[in-house]
Amino acid sequence: MTSEEILQRVKSHRGESILQAEVALGDAVIHVGPDALHDTVKFLKDDPELSFDYLSHITGVDYLEQERDLRFESVYEFHSIAKNHSIRVRVALPEEKPAVPTISDLWPSAVFPERELFDMFGFHIEGLANLKRLLMPEEWEGHPLRKDYDLNWEDVAFTYNIDTKRELVKEKTLSRYKPGQD
Amino acid sequence: MSVAEKGLLERTKDTMTLNMGPQHPSTHGVFRVILEMDGEIIRSAEPDIGYLHTGIEKSGETKRYVHCIPMTDRLDYLNPPTNNLAFCLTTEKLLGLDVPPRAAYLRVIMSELNRIGSHLLWLGTHALDIGAMTVFLYAWREREMILDLNEMVSGVRMMTSYIRIGGVMRDSTPDWLKGVREFVDIFPEKIDEYEALLTKNPIWMDRTQGVGVISREQAIAYSMSGPCLRGSGVNWDFRKKRPYSRYSDFRFDVPVKYNGDVYDRYLVRVEEMRQSREIISQALKNLPQGPCKVEDNKISLPPRDTLHTSMEALIHHFKLVSEGIHVPPGETYVPLEGARGEVGFYIVSDGSNKPCRMKMRAPSFMAIPGMCKIMEGAFIADVVAIIGSVDIVMGEVDR
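Chains D and H, in that order, give the protein sequences. For the first sequence, our numbering assigns the number 1499 to the initial residue and increments by one for each residue that follows. For the second sequence, our numbering assigns the number 222 to the initial residue and increments by one for each residue that follows.
Some hints could be false.
What the hints assert, rightly or not - No farther apart than 20 angstroms at their CA atoms in a straight line, the calculated lysine-lysine pairs in the PhoX-like style are these:
(1) D:K1645 <-> H:K575
(2) D:K1581 <-> H:K462
(3) H:K279 <-> D:K1645
(4) H:K461 <-> H:K478
No lab work stands behind these hints, which were simulated from the structure alone.
One chain only, chain D, in its complex shape (with noise of 0.2 angstroms):
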């Protein structure tokens, strides 16, 4: 099916939840609010005609400084086997507090993105049994992703002094990276 052809199948079974749906660059990309979105994919994967049953991956976007009333976005994108078409799902959420429910019941392979998700941007999965870290160490503070997180770097913590033959630790710094200095 063409993006367009699968746009309207989409719009005409479940045109109330779907905020906005558009060809972007001959994508079909749909705009859906995080509380439809499980019935969206759900429709997605179980339709004849559409039956999206692989997922390609999931992602975050942070949106800060741009002109937009939600700051960030979750990104589903998903291929058909059979009938070898793609389309985007986008959902947008609130900087206080963006979460996003599960789509592991349908897709077992989302649990990795989706705590990825959580680590480096900090969104809630709702019914997710196993939300934790999955790159950055456990306790690690921060979610690296977001804009306003400082792209910095740490000194090596330990050095080699020649002349008392022994190690030094180091006080841990950070350095900073300025946004715009180039």
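Chain D is fixed; fit chain H onto it per the hints.
Positioned in the frame of chain D, the structure of chain H alone reads:
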């Protein structure tokens, strides 16, 4: 059906937790898995990743588009040109750019050469994990040829960054084309050599057939991609399904096997090497003449010698080097077939010269939960074979 399901061993309450990794040699990188063991049978496997996290997606937001390309090399470091290609195709889609045919063909040749290189490395280490030493040495011998070819054309053996926005870094040389042709000519008999060592080898077959089975439905549900999906009977290859970079010009088959075990994934990859060689030989034969990058000087640098004579070229050069390419606002995703499966970049542009968000869809990252699912019910001795057959690269898992 796993041994545990057959009821050969009853489930007991006494399980043992066994830690494997992160420095285990057969996990191919710093990957840790915590195994819940019942005797020799694995009840559950809990993956632990993040040891190689380098924050490439975060750094990408502070770098210009051109500067992101060398970072994409470091993601799947065994097959860098596909990563470059994925990034460049996505950016070019946002720019609304079409590259000249010669550039597209050179991109295909580089991608396929390095697909073979990646599969050779996989074949060598996978066989070494299972206990076949000789294949490792043979596979390394041919991979060396590919790395030499990489060096000839781009100056670097592994992190090539050869594919750029709007084309390729520079045109191929006749020496390089001759080298590629030599490789194409000798490679079929080399594959026969590996196959003579492994394919009908009873020890290899015992060790891999019926081991680490994943069904078609589960492979799809767990978002496995590439050879893991095709080894389970799903005919899914983006080079055929959504031809990018002029793949529709080439005749090649997509190998599909149906048992979904370690042996079938091996057969799929070996056949893929033959098909990649076929694509390269067709691309060499039909390599179009013409420019190897777009002639729009807002995208690609003007030729060096024009800088001394043309004011316009000098301005373009200055603007491109000091500011970079401004990409129109929008967001898009282009899926590609890498050596391990679906590779793609999801890029959000806000109109500036740096991506607002650069996310990589990494096949290994998505395959890890599925891999741990395969491990359930398997023997501890098969874990190494299973990890090897899924072919993960930790660089793109942790990003």
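Hints, verified against the model:
no., hint, verdict
1, D:K1645 <-> H:K575, "holds, 13 angstroms"
2, D:K1581 <-> H:K462, "holds, 10 angstroms"
3, H:K279 <-> D:K1645, "holds, 9 angstroms"
4, H:K461 <-> H:K478, "holds, 17 angstroms"
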